[in-house]
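Q: Single-letter residue listing:
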Amino acid sequence: MQVDTIVLDSAERLFQDVADIQSVVSAKNTSWKEKLWSGIEENGLNIAAVPECLGGAEIGLQSALGILRIAGRMALSAPLAETILAGWMLGAAGLTAPTGKIAFGPARFGDGIFMKLDGTVSGRASHLPFASECSHAVLLVQGHQGLSVVLVPLADAQITSRQSLAYEPLDHVTFKDVQPVASAAAPAGFDKDTALLMGAAARSMQIAGAMEKILAITMDYATQRKAFERTISKFQAVQHGIAQLAGEVAVSLSAAESAAEALDSLLGAGRGFDDPELQLEVMSAKIRVSTAIRKGAAIAHQLHGAIGVTNEHILHRLTLRGLAWRDDYGNESQWSEKLGTLICGRGAEALWPLLSTR
Amino acid sequence: MTSTLEFQPLRLPERVQQLRLEVRAFIQSEIDAGVFNPDDPETDWEIHRQFARKVAARGWIGMTWPKQYGGQERSFLDRYVVNEEMLVHNAPNTVYFTADRQSGPTLIRYASERIKSEVLPKIIAGEACFCIGMSEPDSGSDLFAAKCKATRSEGGWRINGTKIWTTNAHQSNYMIGIFRTSAPTTENRRHGLTSFLVDMKAPGITCNLIDQMSGIRDFNEVVFDDVFLPDDQLIGEVDGAWKQATTELAYERSGPERFLETFAVLRNLVGLAGNSADQRLGEAIGRLVAELHSLRRMSVSVAGMLEAGREPTAEAAIVKDLGTIWEQDLPQRVRDAIAFLPADEAFDRFDEVLQFTTRIAPKLTIQGGTTEILRGVIARGLGLR
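Sequence order for the protein chains is A and B.
Sequential numbering of the first sequence, starting at 1, is according to my numbering.
Sequential numbering of the second sequence, starting at 1, is according to my numbering.
Bear in mind the hints are in silico, worked out from the structure with no lab data behind them.
Quick caveat: nothing in here was measured; it's all calculated off a predicted structure.
Check each hint, because a few of them may be wrong.
Claimed, not checked - Example chain B residues on the side facing chain A (calculated, C-beta under 7 Å, incomplete):
id, residue
1, I31
2, I115
3, M134
4, L143
5, K147
6, E291
Unchecked claim - Residues from chain B that keep clear of chain A, each with C-beta distances beyond 12 Å, as calculated:
id, residue
7, N37
8, E84
9, P105
10, R114
11, G161
12, I205
13, A277
14, G282
15, H293
16, G376
As the list claims (entries may be wrong) - Footprint (simulated), chain B over chain A, 3 or more residues, beta carbon under 8 Å:
id, segment
17, 139-152
18, 200-206
19, 238-245
20, 277-289
The beta carbon of each residue, even a glycine, is placed where N, CA and C say it ideally should be.
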C-alpha cells in the first residue's frame with residue numbers, strides 16, 4: 001500500500017504549529033494539550049486506522065503508524081498511538097469508535113482481564129498509558145467464548161495514577177464488573193497478544209521518530225558548539241559518536257518501517273497474528289529499537305554535555321520518552337523471550353527460511 | 001542540519017524469491033552429496049574450483065553484467081539472494097566471490113575492451129579467481145600512503161614493491177591492485193594512485209602465505225619484482241584510482257557478507273537449544289534473531305537503493321559498521337547464552353563451531369574498511385567532514 005503523504009504532511013504541520021517541542025518545554029501551562037487534541041480530531045488523525053464504512057479515515061496501517069513516527073519526532077505527549085490503535089481494533093471488530101482520547105490495552109504481559117458470561121469486564125490493566133487522561137479504553141479481553149474486543153468507560157473503573165519515566169500517565173486500572181459500552185468477538189486471526197503486538201509496532205515507530213530528532217539536534221549542537229578552540233564536530237571522537245548514533249537511528253527507522261509495512265501487507269493479505277513472518281517483523285522492531293534508544297540516548301546526552309540534562313533543553317523530552325516507551329506493550333526482554341521460543345519451536349533448519357522471506 | 005537517513009521497507013519480488021529457492025535446492029543437493037559441510041568452511045581448493053564451475057553452469061556468476069560479455073543483465077536483487085544463500089550455507093564460493101562482487105564490475109566500468117572481452121567470460125565461467133591488492137606493509141588502512149610502484153616502461157609498466165593481507169593471492173589468476181604512479185600533491189593526498197589488472201602468473205610475482213590464528217591460510221604477502229604489465233591492463237585513469245575505488249564501495253559494504261559470516265553459530269545454537277530452551281536461553285536467541293533480522297532488512301533496503309541507481313555511501317557504511325560489529329560479538333553473546341548448559345556430546349560439537357567463529361571474529365571489523373574508517377565515512381555522509 002502507498003504511504004499517505006498528504007496525511008503525514010498535515011500531521012507534521014499540526015504538531016509543529018501547536019505542540020512544537022521547544023514551545024512545549026517553555027510553556028507556562030498545558031493549554032497546548034487541548035489545542036493539540038482538537039487539531040488531531042479535526043485532521044482525523046485519531047481515526048486514521050478506522051474503516052471508512054465506520055466513519056474513519058482508513059489511510060492504512062502503514063500510514064497510520066507513519067503518523068506515530070512523526071509524533072515521536074515531536075516527543076508528542078498525547079494518547080495518539082493508543083487512540084489510533086483503539087480505533088483500529090474497534091473497527092476490526094465492526095464497532096464504532098467514540099470521539100475523545102481512548103486508552104488501549106492490555107499494555108503489559110501477564111495482565112488478566114476477563115469478560116464474564118453477563119458481559120461485564122473484570123480484572124486489572126497495569127501500566128495502562130494515559131488511562132487517567134482518557135474517557136474510554138479499548139481492551140482485548142478473555143471470555144468464555146474466546147477473545148473479545150470491548151469498549152469500556154474508564155469512569156467506571158478504579159484508576160491508581162502513577163507516572164512513567166517520562167512523567168506521563170502510566171496508570172493501574174482495575175475493572176470490577178464494568179459494563180462495556182460496546183463489545184464484539186475478536187476477529188479471526190487475533191490472538192491473546194494482539195493488543196501487545198500492535199502496541200509494540202506503534203511504540204517502535206514512536207521511538208524511531210524520537211531517535212531521528214535526537215540525531216538531528218545532536219548534529220546541530222555539535223556543529224555549533226565550540227570547545228578547545230574548535231567546533232566539537234571536528235573532533236574525531238565526536239564524529240565517531242555521532243556515526244554510531246546515526247547507525248542506531250538507521251536501524252531503528254528501517255526496523256520500525258519494515259514492521260509497519262509487514263503489518264499492513266500481511267494482515268491485508270488475510271494472514272493472522274500467529275503468522276511467524278508478522279511476529280518476526282514486529283517483535284524484532286520493538287526489540288531492536290529499544291536497544292537502539294538506550295545507546296542513542298546515552299551518546300546524545302554525552303555529546304550535549306550538561307545543557308542536555310537541564311529541564312529547559314528539549315533533549316530530555318525525546319530521550320526520556322524514547323526510554324519510557326521501551327516498557328509499554330512488552331519490553332525488549334519479554335519480546336526476545338517470545339521470539340526465541342517461536343524460533344526454537346520451529347527448529348534450526350527453519351531459521352534461515354523465515355529470516356529470508358522478505 | 002538534518003539527517004536524511006531513509007530506509008524503504010523493500011520486499012524482495014516474487015521472481016527473486018523464486019530464484020532463491022532454486023539456489024537453495026542446488027546448495028542442499030551439494031550438501032547432501034557430501035560436497036561440503038555448512039558448519040565447517042571448506043579449505044580444499046579443488047572443491048572450490050569445482051563448485052565455481054557448477055555455479056557458473058547455472059548462470060549465477062556475473063548475472064548482472066552486460067550480455068555482450070556473457071552476462072545476463074539481471075537485477076542486482078537477483079545477485080543479492082544468490083549471494084545470501086551461498087553465504088548462509090558456507091558454500092565454497094571463494095573462486096568467484098570477489099570477482100563477482102567487485103572485480104568484474106570494476107573491469108566493466110574502467111577496463112580496456114580487450115581485457116573485458118578476454119577476462120569477463122572467464123569469470124562468468126567460474127575459471128578466474130581475483131584478489132584485491134590494496135593494503136601494504138607499514139601503511140595498512142591508509143591507502144593514500146601506498147608505496148608499491150608502477151613505473152612507465154616500453155609498451156607498459158613495471159611493478160615493484162609489496163602488498164600484504166591479500167586474501168587468496170596464491171590461488172588467484174588475477175589481481176586488481178592500486179599502485180603508486182606519481183607522488184601525492186599537497187592539495188590532494190589521494191592523487192597519484194593507479195589501478196591495474198595483474199596476471200598473477202606473470203614472472204616476478206611471489207606469494208608468501210601468512211597463517212592466521214583461526215587456522216585459515218588465505219592471507220598473503222605479495223612481492224612484485226619488476227613485474228611487467230602491458231599498457232591495456234591499466235584500469236581507468238592514470239593517477240585517478242581513488243575516485244574509481246569509492247564508487248564501488250557501496251556494493252562491497254552493504255552486502256549480506258557483512259553480517260552472515262558467523263551465522264552458523266546462531267543456527268547451531270537454535271539446534272542445541274531445541275525445544276528445551278529456558279527463559280534465559282530463549283531470550284538470548286530471540287534478541288540475536290531480532291538483531292540479525294533488523295540488519296538484514298536494512299541491507300535489503302540498501303540493495304534496493306543500489307538497484308534504483310542511487311549511491312547510498314553512508315547507508316552502506318552503516319550496514320557494514322553495525323553488521324560486522326554484530327557478527328563479531330555474536331560468538332561472545334552465544335557463549336553467555338550457553339553458560340549454564342551441561343557439557344554433553346552435543347555441547348562439545350557446538351563448541352567446535354563456537355571456537356572457530358570466535359577465532360575469526362576479530363578480523364571481521366578490519367577487512368574491507370575498518371570500523372574507524374567506516375565511522376569517518378558515515379560522519380562525512382552526514383556532512384560533519
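Q: All the hints need checking, so say for each whether the structure fits it.
A: Status of the hints after comparison with the structure:
A hinted interface residue such as B:I31 counts as satisfied when its beta carbon comes closer than 7 Å to some beta carbon of chain A; here the least separation is about 11 Å, so the hint is violated. This hint is violated: B:I115 has a C-beta 36 Å from the nearest C-beta of chain A, more than the 7 Å allowed. Hint status for B:M134 relative to chain A: violated, with the closest Cβ pair at about 22 Å, above 7 Å. Taking 7 Å as the C-beta cut-off, the interface hint given for B:L143 is violated, the closest approach to chain A being about 18 Å.
The restraint placing B:K147 at the interface with chain A is violated, with a minimum CB-CB distance near 25 Å, outside the 7 Å limit. This hint holds: B:E291 has a C-beta 6 Å from the nearest C-beta of chain A, less than the 7 Å allowed. Here B:N37 stays apart from chain A, with its beta-carbon at least about 15 Å from theirs, past the 12 Å limit. With a cut of 12 Å on Cβ distances, B:E84 falls inside the contact zone with chain A, its closest approach being about 7 Å.
Distance check for B:P105 against chain A: the nearest CB is about 24 Å away, which clears 12 Å, and the non-interface claim stands. For B:R114, the shortest C-beta to C-beta distance to chain A comes to about 40 Å, beyond the 12 Å cut-off, and the non-interface label holds. The beta carbon of B:G161 sits about 30 Å from the closest Cβ of chain A, which is more than 12 Å, so the claim that it is off the interface holds. Annotated as non-interface, B:I205 keeps its C-beta farther than 12 Å from every C-beta of chain A; the closest such distance is 38 Å.
The Cβ of B:A277 does not lie farther than 12 Å from every Cβ of chain A; its closest approach is about 5 Å, which violates its non-interface assignment. Against the 12 Å criterion, B:G282 falls within the reach of chain A, whose nearest CB is about 3 Å from its own CB. With a least CB separation of 4 Å from chain A, B:H293 falls inside the 12 Å interface cut-off, contrary to its annotation. B:G376, annotated as away from the interface, has a beta carbon of chain A within 12 Å; the closest lies near 7 Å.
For the segment 139-152 of chain A, the stated coverage by chain B is not satisfied: 0 residues place a CB nearer than 8 Å to a CB of that chain, which falls below the threshold of 3. With a threshold of 8 Å between beta carbons, the proposed coverage of the segment 200-206 of chain A by chain B is violated, since 0 of its residues qualify and at least three are required. For the segment 238-245 of chain A, the stated coverage by chain B holds: 5 residues have a C-beta nearer than 8 Å to a C-beta of that chain, and at least 3 were required. Look at the segment 277-289 of chain A against chain B: 7 of its residues bring a Cβ nearer than 8 Å to a Cβ of that chain, three or more, so the hint holds.
Checked against the numbered hints above, the structure breaks hints 1, 2, 3, 4, 5, 8, 13, 14, 15, 16, 17 and 18 and satisfies the rest.
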